[in-house]
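Sequence lines, in order, name chains A and P.
If you number the first sequence the way this note's numbering does, the last residue is 112 and the count never jumps.
If you number the second sequence the way this note's numbering does, the last residue is 227 and the count never jumps.
Derived DEER-like restraints, expressed as beta-carbon distance ranges:
| hint | chain 1 | residue 1 | chain 2 | residue 2 | range |
| --- | --- | --- | --- | --- | --- |
| 1 | A | Lys26 | P | Ala181 | 34 to 40 angstroms |
| 2 | A | Ala78 | P | Gly175 | 43 to 49 angstroms |
| 3 | P | Ser177 | A | Ser24 | 30 to 36 angstroms |
| 4 | P | Thr227 | A | Arg54 | 47 to 53 angstroms |
Residues from chain P that face chain A, not an exhaustive set, calculated with beta carbons under 8 angstroms:
| hint | residue |
| --- | --- |
| 5 | Gly152 |
| 6 | Leu153 |
| 7 | Gly154 |
| 8 | Gly170 |
| 9 | Phe202 |
| 10 | Glu215 |
| 11 | Gln216 |
| 12 | Gly221 |
None of these hints come from the bench; they were simulated from the model.
The beta-carbon is built from N, C-alpha and C at its ideal position, and this holds for glycine as well.
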Amino acid sequence: SQQGEEDPQALSIQEGENATMNCSYKTSINNLQWYRQNSGRGLVHLILIRSNEREKHSGRLRVTLDTSKKSSSLLITASRAADTASYFCATDKTGGYNKLIFGAGTRLAVHP
Amino acid sequence: IAGITQAPTSQILAAGRRMTLRCTQDMRHNAMYWYRQDLGLGLRLIHYSNTAGTTGKGEVPDGYSVSRANTDDFPLTLASAVPSQTSVYFCASSPYPGQGAQEQYFGPGTRLTVT
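Put together the whole structure using the sequences plus the hints.
Dropping the structure here:
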C-alpha cells in the first residue's frame, strides 16, 4: 500500500503561473521528500523537509509540512516550460531506516 | 562521471527466463535500493541493502533476489521472469542509512518487458 497520495494527479498551467501539488500520508514520518522525474528519466531529489520543520524554500520551490494533518504541499512559483515533469512525494516512516515510500505522483504540464 | 549506472537500458525477455539487472555506483554510498515503477502506482521498493554484505526485503520482493558483495554493485535478479514483472526498474543509493534524513540518488532506469 502507498504511504503518500498526491493531488492532483495531473495539472496543466501556463508559463509564469504558480503550480501547487499536495501530498497526504498515513503514518508518522521522520521526513518527507519531493522528487522530480522528467519523461523517461530517473528521479531527481528536489527538497527534503524534516518532521519538526513546517516550511522550507529552495529557489522557486516552497514546501510546507503539516504533521497534524499528515500532509505536505509543493509550490513552484513562476513556472517555466522546463518544469514540465512528474513530481513525487516520498515519506521516510518513523523507524523506516530511510526506506522511502512514494506516492503515485502529479504530472505537471507547463505550456509556453 | 559520478553517479549510478544501470544496464541494460531496456530488455525484452521471454517468460521463464532468468535475468540480472546491473547497478553500479561510484559515490561510495553505503545504502542501495531497487524500485519498480508501474503506471499509476509510483515507485515501490523491491529490495534494499544498508551496507555491503547485508540485504533486506522491501514492499514487493517476491520473484526477485539481490546480492551486495561490495559497496559499488547491487544486482537484481529475476530467477524466472513473469509478465507481471514488466516494469521500469530504478536503482538508487544514499550515503548512510538511518543517520538522519537523506536524499536518494537514482539511476536512469531499466525498462523490462516480459513476454
